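Visitor: Quick note, the sequences are listed as chains A and B, same order.
The numbers in this note's numbering rise by one with no breaks, and the one at position 369 of the first sequence is 369.
The numbers in this note's numbering rise by one with no breaks, and the one at position 357 of the second sequence is 357.
Keep in mind that the hints were calculated from the coordinates and are not lab data.
Selected chain B positions facing chain A (Cβ under 7 Å, derived; list incomplete):
(1) 37
(2) 39
(3) 65
(4) 72
(5) 73
(6) 79
(7) 81
(8) 294
(9) 310
(10) 311
(11) 315
(12) 318
(13) 322
(14) 324
(15) 326
(16) 328
All values derive from a computational prediction rather than experimental measurement.
Glycine is no exception: its CB is placed at the ideal position from the N, C-alpha and C atoms.
Protein chains: 2
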Amino acid sequence: MTFQVRATDGAARRGAVTLAHGTVETPAFMPVGTAGVVKALTPRDLRELGAQMVLANTYHLMLRPGEDLVARLGGLQRFSGWHGPMLTDSGGYQVFSLSALRRLNEDGVEFQSHLDGSRHLLSPERSMDVQRSLGADIVMAFDECAPWPAPREAVEQAMQRTTRWARRSQDAFARGDDGRQWLFGIVQGGVEDDLRRQSAQELVAMGFSGYAVGGLSVGEPKPDMLRVLDTLEPLLPADRPRYLMGVGTPEDLLEGVARGIDLFDCVLPTRNGRNGQLFTRGGRLTIRNARYRDDPRPPEEGCACYTCRTVSRAYLRHLHLSNEITGATLMTLHNVHHYLDTLRRMRQSILLGRFAEFRQETLRALSAPARDEEA
Amino acid sequence: MTFQVRATDGAARRGAVTLAHGTVETPAFMPVGTAGVVKALTPRDLRELGAQMVLANTYHLMLRPGEDLVARLGGLQRFSGWHGPMLTDSGGYQVFSLSALRRLNEDGVEFQSHLDGSRHLLSPERSMDVQRSLGADIVMAFDECAPWPAPREAVEQAMQRTTRWARRSQDAFARGDDGRQWLFGIVQGGVEDDLRRQSAQELVAMGFSGYAVGGLSVGEPKPDMLRVLDTLEPLLPADRPRYLMGVGTPEDLLEGVARGIDLFDCVLPTRNGRNGQLFTRGGRLTIRNARYRDDPRPPEEGCACYTCRTVSRAYLRHLHLSNEITGATLMTLHNVHHYLDTLRRMRQSILLGRFAEFRQETLRALSAPARDEEA
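Chain A on its own, in the form it takes in the complex:
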């Protein structure tokens, strides 16, 4: 398992991560497969879209169907039929955002399942066990993500606990290491530059296979997020992959790549696809808008995806208003294509040494009058 940077353009990097289940050309976007499935898509859809790596959620999978069942069925890849690279998160973020009756202490978090109220514990050791059973190529250290906004003291304590838990995660991971998984550390510290620096330095001193930036895109102003990324860029080792967790819009991906990020994940393309919002180079298009009632054009003119090659805005609007499953599938296909294609074009522009230009052009097109307002 290796990471190679093949070209740089400013802070942007064009590289490749080779993992047990294949190679991921970076920068890359990972579609989110929360419950072991990218909602509304089949594994074949993902392959044909050019998806390289899929994220799955430890929290959801440990509750249903349970990591033991996934392990008995050969791990996430064999279970889901997606045989490419996968990454699992640590479960911590969902414990805080989804579960009830949490009790947090130094050992870990006790919580009740949002599905059936059953009681569970997540700790660094338990998270490593679960992620080992799930069998993803990249697993994440168990972290505490402070909410936004939060008092500086709370952010600092969460960051310090994240460091201690990172060490316990590393120890637990090492005990079961079979050489087929990589462990990433997660930098916390909210929007406090000094805390972020401290977090990064402590994690880098421990030595992880890669470094994630957590706790961003949780409500903070965009300039704060970008400043934190600027702060971290020189501190994270250039020879290790960098992963910006849970981010974001196409604009965010451009800004992240400009600041040296290699991996992204976000539910936006899939969730918005199901909700009838389409991403295009010219901005977002809300399919239920009456202006599309008899619009014969594809969702995005010039787009090469199956949906744009096959159906009109009018048809997608009809499917959406009729709550047809196929509408969710077709719009998810388009949105995931849009994200993956944006990343393909970023990778190419870095190789060609014109990433800055590409970024400006793309941001300009996105900030033009919103698609839904057009004549």
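Given chain A, work out where chain B should sit, using these hints.
Guide: This is chain B only, laid out in the frame that chain A set:
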């Protein structure tokens, strides 16, 4: 537009219907695309499954998105992205099963939309207009389907009205005929053999491009349905296609083909796919059954469909219990494959002169202990 019978085996026929949008090898099963989409599938899925012809519902489409919009967008095929043959029903059956506040008289049926309560009229002339706008290859005469059970007198009146409406349908169709659609008449008469005979004789005397058998599989005992088909078989012209509407189970299709039926449609494979019931050669499999919790086998061993080549029963059960859209898609794919494959094997067995044997073997496998009971 032609119909050719290429081979027969007993009453079973192996033929081909050539329509404006392509040729349908018969006997054939039409997946149901109620709102202009086969639920949970894309046009590409249908093509890859080997679907030949898709049914759409006039009632649903006239209410949403409206037949004028479909016509402006080039008709059902261009609208939906399914460019193969299509058939629309007359709308009558859904008016009786779905809408509220119906008022039926000799002119037609006034009803309120089940979607928004708006008032509409369907009559032979209006049904022809709507089906003309939708642009399917085969359109159906407007009929009155008596419920089951019903007094003989009510069945007789509905049958006689169906004959009068068939004549009005034929006249209205002729006025707008552009040579790209075929009109089928619908035989009614409930489970009364003499009424069925009378209905068939009156319709055949009018001369339609094909003949449908309506008003079956509406609750009557199975032997009554088969007896009606036996009664009608010698009365329907051998050189015209015969369509058994809204039928049925795999067993029903075998029995229908044995009685000279060429076309079928039914929501069972798609609806049951969404509900987690899978059709197999050995019977039905209810995926939420606890016995499949960690069953690593494909839904049906030996099945060539994408779902069976890709995922396990355990994974489908997980998707079903998690209400994942992809579960509906994967199970619909399998079920539609099962139906289309059953028809492919029927066509082959007729050519080989061994349909009776095939029917016996298939029925025997289906009546073995239910799949869910197996060891």
